[in-house]
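Trainee: Chains G and D are the protein sequences, given in the same order. With the first letter of the first sequence counted as 1, position 222 gets the number 222 in the UniProt record's numbering; the numbers rise by one all the way through. With the first letter of the second sequence counted as 1, position 30 gets the number 30 in the UniProt record's numbering; the numbers rise by one all the way through.
Any given hint could be a false lead.
Remember, identical chains collapse to one label, so a pair may be satisfied in a single copy or spanning two.
[Stated by the list, open to error] With a straight-line cut-off of 25 Å between C-alpha atoms, the simulated SDA-like cross-links for lysine to any residue are:
| id | residue 1 | residue 2 |
| --- | --- | --- |
| 1 | K128 | G19 |
| 2 | K141 | E208 |
| 3 | K141 | E154 |
| 4 | K85 | K218 |
| 5 | K218 | V239 |
| 6 | K261 | P103 |
| 7 | K141 | G59 |
| 8 | K128 | W53 |
| 9 | K128 | E192 |
| 10 | K128 | D167 |
| 11 | K141 | L15 |
| 12 | K128 | R194 |
| 13 | K261 | E71 |
| 14 | K141 | A199 |
| 15 | K261 | I215 |
| 16 | K141 | V7 |
| 17 | K128 | E52 |
| 18 | K255 | Q121 |
| 19 | K85 | C10 |
| 20 | K255 | S123 |
No wet-lab data here; the hints were simulated from the structure.
Protein chains: 2
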Amino acid sequence: MSGASHVWYCNGQPLPAGGLDRGLQFGDGLFETIAVRSGRALRLTRHLDRLEWGCERLGLPRPERRVLERELTSLASGHDEAVLKLIVTAGKAGRGYARASAPELTRYSACLPWPTGLPEQLSVTTCKLRLSEQPALAGVKHCNRLEQILARREVDSRSCDEGLLLDRDGRVVEGVSSNIFIVRAGQLITPELRGAGVAGIIRGLVLERAPALDIASKVSEIRPEDILEADEVFMCNSVMGIRPVVSLDVDGQQKQWEPGKLTCQLQRILEQEN
Amino acid sequence: MSGASHVWYCNGQPLPAGGLDRGLQFGDGLFETIAVRSGRALRLTRHLDRLEWGCERLGLPRPERRVLERELTSLASGHDEAVLKLIVTAGKAGRGYARASAPELTRYSACLPWPTGLPEQLSVTTCKLRLSEQPALAGVKHCNRLEQILARREVDSRSCDEGLLLDRDGRVVEGVSSNIFIVRAGQLITPELRGAGVAGIIRGLVLERAPALDIASKVSEIRPEDILEADEVFMCNSVMGIRPVVSLDVDGQQKQWEPGKLTCQLQRILEQEN
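Looking at chain G on its own, in the form it has when it is part of the complex (with noise of 0.2 Å):
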């Protein structure tokens, strides 16, 4: 009898030699989705930093940023608007979890289409899946995204445009694929996400950029009751921007608003910056 061989197959294909990726075994590595706009990959900077702050997290050594730097500017360049998409992953292994004591990074990269359809404002329903919490994942932006998955089957269901994601005590997280703030007397707020939850790009800027605009934002604990008394509630990722939320059906409760001062104010803000 003969030994067994590293050799991968896919749908009955041999791959070629050297393993199969850590990405594709156990989703492990990480992800950035840049927006672009004439030609240019908006706060590149910001979203590798974002991905060297995670793999630092992962325990997975440090990209070369240059190479990322070099490689999505140029898949940018000459596109009107798209969508960058980078995937780090900690390489090709055998098959345990055990990784290898210095793995090699791949990296996978595409400038794909602007998604048509993005809606200017949000219908959002609340998901009965809740996030689990795992504070040693949370803020970072992985490859292990079941949850999101089975959340927007959801949110699919319910022909709604996102979904509101609680963790299992009840307390507000995020969006499926986006971050949320919440406008209570003028006041800006946005979950804490030390168990669950991506730190998102936009999330980051409007936190960063709002002293200067003389309004006051704070992160901490919001409860679906929360948002149902807000005054404006908007979501926000690094292709749509800000969005307004204008209807959310949570406890069994409808509420609506109309886009509010200060999300237009923001929203207005960022896409100067674009």
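Since chain G is already given, all that's left is putting chain D on it; use the hints.
Mentor: Positioned in the frame of chain G, the structure of chain D alone reads:
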């Protein structure tokens, strides 16, 4: 300015068209690790049953069982001792969390060498990382495994064989890549897997075989202190089968055992079935 394409690059090299595997993007898939002895994939039916159940839990279509059976049987053939790994993912797609309405599964398979240096007896450390609670994914052998990867790093840093994983409430769930049983007053006890953990094939077999062997067994909550008071402790998975735990550090205490009578009996019975 031109529109963006759908071309993905891996380390700068263009990949075949058609999107990037959702396994790679999000860990949107499932896997099985199957022992091979004398050219035969052991307990293949059980593995494929679990895979089908996992697909259902994740909302994925049912894989073509005959194709999988044929491929795995053929891969195993001629190998004295080996490990089959099968991964089934939600297939190639664009970048969003939403799946296509009828995703085409992609399968990855390999017949890999039998691991060298599998310890006969396990020295186990309790991981600091606590498993998060996600009933929607509990029991499923899915490809979102960053928790196990981080936990495995702890185990390696302490030069142990395996790590014990607790949930956020301090309940025992499983090992990093195994399930756990304790024996107390002749009774087998293994943790519930309602909030976390993988429903292991050997775990299922042990619970199923116990009555015919006149061994009492139950699935219930286990705390670290229950392990410290146990007469025997063993861990199990499809590759190593059943292995006695001979040392465990938990809560700053170090406990040692000799391989127990029941553990050795079950180990022998399972090996005879191979």
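Trainee: All hints, please: hold or fail.
Mentor: Status of the hints after comparison with the structure:
1. Proximity of K128 to G19 under the C-alpha cut-off of 25 Å is found in neither arrangement, the shortest distances being 38 Å within a copy and 30 Å between copies.
2. In the homo-oligomer, the alpha carbons of K141 and E208 lie at most 25 Å apart inside one protomer (20 Å), although the nearest pairing across protomers, at 41 Å, exceeds that limit.
3. Within a single copy, K141 and E154 get their C-alpha atoms as close as 21 Å, and across copies as close as 22 Å, so both meet the 25 Å cut-off.
4. When the C-alpha separation of K85 and K218 is checked against a cutoff of 25 Å, the pair qualifies neither within a copy, at 30 Å, nor between copies, at 48 Å.
5. Taking the closest pair of Cα atoms, K218 and V239 come within 25 Å of each other only inside a single copy of the chain (24 Å); across copies the shortest separation is 50 Å, beyond that limit.
6. Neither within a single protomer nor between protomers do K261 and P103 lie at most 25 Å apart by alpha-carbon distance, with minima of 49 Å and 42 Å respectively.
7. Taking the shortest alpha-carbon separations for K141 and G59, both the intra-copy value of 14 Å and the inter-copy value of 23 Å come in at or below 25 Å.
8. Taking identical chains as interchangeable, the C-alpha atoms of K128 and W53 lie at most 25 Å apart only when they sit on different chains, with a minimum of 21 Å there against 31 Å within one chain.
9. Taking identical chains as interchangeable, the C-alpha atoms of K128 and E192 lie at most 25 Å apart whether they share a chain (20 Å) or sit on different chains (23 Å).
10. Taking identical chains as interchangeable, the C-alpha atoms of K128 and D167 lie at most 25 Å apart whether they share a chain (10 Å) or sit on different chains (21 Å).
11. For the homomeric pair K141 and L15, the shortest alpha-carbon distance between copies (23 Å) is at most 25 Å, but the shortest distance inside one copy (28 Å) is not.
12. In the homo-oligomer, the alpha carbons of K128 and R194 lie at most 25 Å apart both inside one protomer (21 Å) and across protomers (17 Å), since each shortest distance falls under that limit.
13. With identical chains, the CA atoms of K261 and E71 are never at most 25 Å apart, being 39 Å at best within one copy and 61 Å at best between copies.
14. In this assembly of identical chains, the alpha carbons of K141 and A199 lie at most 25 Å apart only when taken from the same copy (7 Å versus 28 Å across copies).
15. In the homo-oligomer, the alpha carbons of K261 and I215 lie at most 25 Å apart inside one protomer (12 Å), although the nearest pairing across protomers, at 69 Å, exceeds that limit.
16. Taking the closest pair of Cα atoms, K141 and V7 come within 25 Å of each other only across two copies (22 Å); inside a single copy the shortest separation is 31 Å, beyond that limit.
17. Proximity of K128 to E52 under the C-alpha cut-off of 25 Å is restricted to the inter-copy arrangement: shortest distance 24 Å between copies versus 33 Å within a copy.
18. Taking the shortest Cα distances, K255 and Q121 sit within 25 Å of each other inside one copy (14 Å), while across copies they are farther apart (59 Å).
19. When the C-alpha separation of K85 and C10 is checked against a cutoff of 25 Å, the pair qualifies both within a copy, at 23 Å, and between copies, at 12 Å.
20. Proximity of K255 to S123 under the C-alpha cut-off of 25 Å is restricted to the intra-copy arrangement: shortest distance 10 Å within a copy versus 56 Å between copies.
Comparing the model with each numbered hint stated earlier shows that hints 1, 4, 6, 13 do not hold.
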